[in-house]
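> Sequence:
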Amino acid sequence: LKTGDARPLAGIFYHNAIDILSLAGLFSHTAYLLHDPLSKEIQYHEDVVSLARFFESLGDIPQTAALYQESLTLKLDESLYWDTLSRFSFLQKRREDWASALALWEMAADNNFLYAFEELAKYFEHRVKYLETALNWTIRALEVLEKQHYTSYDYQNWRESLEHRLNRLQRRLARKENE
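The sequence shown begins at 12 in my numbering and counts up one residue at a time.
Worth double-checking, as some hints may not be accurate.
To be verified - With a Cα cut of at most 30 Å, we get these calculated BS3-like pairs of lysine-lysine: (1) K104 x K140; (2) K133 x K104; (3) K187 x K133; (4) K187 x K140; (5) K51 x K86; (6) K187 x K104; (7) K133 x K158; (8) K51 x K140; (9) K133 x K51; (10) K86 x K187; (11) K140 x K158; (12) K104 x K86.
Hints in this document: simulated from the structure, not taken from any laboratory.
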């Protein structure tokens, strides 16, 4: 401002021009992804998961389900795979697609995810009234809880929740036997 010489600002203007061009390219790519989210041309598998989450936030459940299902067939890193499986399982629960939700929870339970044991126990206790099966899932969850490492906070929360469920199921089964 003092000298009136704008030449030192040339780099800043160049940087801003590149930003604008990059945004145009990003807009074009994003429009393509949103137009055809199940395209086989999508380069990064993580983009399919991101699209599923985006469509879920919009409430487009059929598109979300299709994208989560597709995501689980791709090579995702392990933590993203299990997070996607969890999200898909809860989506299927909301859709009341119990066969799909159960299959996903059983896969997660086979890999010692406590939420899956809990969801299986809830399903068998509340939906189909198989109290013995619900009790077995709860006992298995408690066994996993003791074998795996959790923060003390997570351990305590899971312990309380699972013991509460265990006690309730045992009471219900005892009442059922006395009838």
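> Going through the numbered hints above, which ones does this structure break? Give me the numbers in ascending order.
8, 9, 10
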